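Colleague: Since the structure of chain P is already known, use the hints to place chain V on it.
Listed in order, the protein sequences are those of chains P and V. With my numbering applied, the first sequence covers 312 to 722. With my numbering applied, the second sequence covers 608 to 744.
Since the hints were made in silico from the structure, they are not lab data. Predicted model only: the values in this text are computed from it and were never measured. Among the clues, some could well be false.
If we take Cβ atoms under 7 Å as the criterion, some of the chain V residues that face chain P in the derived model are [said to hold, decoys possible]: (1) Tyr612; (2) Val642; (3) Gly644; (4) Val666; (5) Cys668; (6) Ala669.
Idealized CB from N, CA, C, for every residue including glycine.
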Amino acid sequence: MIDQKKIKADFPILKKKNNGQRLVYLDSANTSLTPRQVVEKMDEYYEVYNANIHRAVYPLGERATFEYEAAREKIRRFIGAKSSKEIIFTRNATESINLVAQTWGRQHLGRGDAIVLSIMEHHSNIVPWQLLQKEKGFHIHYLSLSKEGRLNMEAYQRVIQNKNIKLVSLIHQSNVLGTLNDAKSLTELAHKRGIAVLIDGAQSVPHRKVDLKKIKADFFVFTGHKMLGPTGIGVLYGREELLQDMPPFLGGGDMIRSVGIEGSTWNDPPYKFEAGTPNIAGAIGLGAAVDYLENIGMKKVQEHEQKLLEYALKKMKAIPEINIIGPENAQNRGAVIAFNFAEVHPHDVATILGEQGICVRAGNHCAQPLLDYLKVPASLRVSFYLYNTEDDIDRLIEGLRLVKKTFHVEP
Amino acid sequence: MSNMYLDNIIDLYKNPLNQGTLEAPSVTYRAYSPVCGDDITLDLIIRDGKISDVRHRGVGCAISQASISLLTEEIKNQSTDKVLRMKPDHVVKLLGIELGPVRLKCALLGLEAIHEAIGKYHSLAPLKGGIILRTSL
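Excised from the complex, chain V in its bound form:
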């Protein structure tokens, strides 16, 4: 057996971190993988260029669910700039498991969703800050 299904991965799958919805998110983003049907919806609250809170919901395999749990923990209170610089390697390191190219996609869906969500927020946010836009799917 490879070490893909370490107990911490299974634990996170069964007891995910930061799962749910936020009352008034700055941005909501849904990422979907047409290949496996993994489906992640993210709510982010962004204040002064920092991610002050985050929640996720949806369905996915143990790898994608563990990955989004760990990532949402990681990005809290971090600047969006820093989060945007986060690389795939970092996700693999967070998970601490070996992944082939096919399963790597599952692990990276969460990071992709976070990056897209921040991108969407920046494209929607007014140039002079202050107003928080609520966006739907």
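Isolated chain P (complex conformation):
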């Protein structure tokens, strides 16, 4: 059990009134709230040992470098990577995917090649490939979904038989449907065919134990701000052998071994991919977020969310105006529920809920191809995290009554 009283004390924002009411934050799949331990750890960098890393030789610089690298090590352990050389700090999951596309992709993809994405990808796992496709002319195959909103595994197995497939890049947990994809099997199957695999873990890493020793993807990306960390810091995991052979992403300081007028040589991974002064405080803050989650335990986080998901699905299915998009059972899915409410536009529902201190997402969730595929112009979405309670879900249900009243929805 998660000690809710203790958790509430760690998130100052939850104690503040929102439009005169207790804040009900149901938008963690968008960005999560930040505990004071993370904020304090970042403040400490600015207030106690504010110096640049890897170059300042005085004690402050040593301390900053130590903390930055300690955060990298924490993240390595958290996701079960072999070496901290495989952990690259980026701005977010989007930048991590762009990095892979612009380095590995640029090196390995060309005319006649193909990559596999799914129709449930976030824009961040579509657009970087489309940008590269314009230049390199490879084909992008989109996997379809079952009626329930799950990946079509048979189609996947068929598609990867094609000799021209060089990469499979798939979302681990859908940010709209909540569907959890079997990253381990997807990777195993692709590897048997010699295909490289990228898994987008932006929605999975914050909510469940992810172990790359089991999943064995070649690339794995996630972001700090969805896992209690600050904004502006993300992670790219890359298998060391691949990182060694990849060209740099951005050029500048820290990523070079030597710079001459005639040319330069590159530093080793991960530094080869971290040009310029990075988000030092952000990386250290993300390390503190990992500490926070590990102190509670990812198993407990997942169990807590699973209970909330079951409770929410039960309550929501009982309301005739609610139309759930995605799997309606709680198995193999994350604590994310997309839905529509009667004929009221999601933006209006979210605004009326917002006025009652209830934060939900409305729109296309950066997954326009998925919504087009489902023939839904826009939807609402609620998502839960360790600080949510059953009471939050009751408040949501209560809040929807005002929507009904405002829009004169007939029963």
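Modeller: Chain V alone, transformed into the frame defined by chain P:
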């Protein structure tokens, strides 16, 4: 509660004004908001520099739908020059509600569509008037 969802807004959402298509529009323009999925298509008939008729269709939230209803009423029989000078403030005044920066975008999608449609018409219209061009999306 703020006053965002006054009954007149809900009324316009449920019973929009000037909804539909025109037989032979001078110009058709579609505006889409990638953030919220609001989608407005406009047909305008422009004669002698004036908007003689207008229709809209598409999907959107109550704010964007109420806004386009009121705007299409407002611009009928007005000169395109005058309509092009119409400012965001005017839309807020027409709606008579308070809007934050995020929802303001919903309210302004219609005005943007009207301005773009007139711009498209001017770029397509021949210098010597008389011929009306029909344009598709």
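Colleague: Now tell me, hint by hint, if it's right for this structure.
Modeller: Evaluation of the provided hints:
{"no.": "1", "hint": "Tyr612", "verdict": "holds (5 Å)"}
{"no.": "2", "hint": "Val642", "verdict": "holds (6 Å)"}
{"no.": "3", "hint": "Gly644", "verdict": "holds (4 Å)"}
{"no.": "4", "hint": "Val666", "verdict": "holds (5 Å)"}
{"no.": "5", "hint": "Cys668", "verdict": "holds (4 Å)"}
{"no.": "6", "hint": "Ala669", "verdict": "holds (5 Å)"}
In summary, this structure violates none of the numbered hints.
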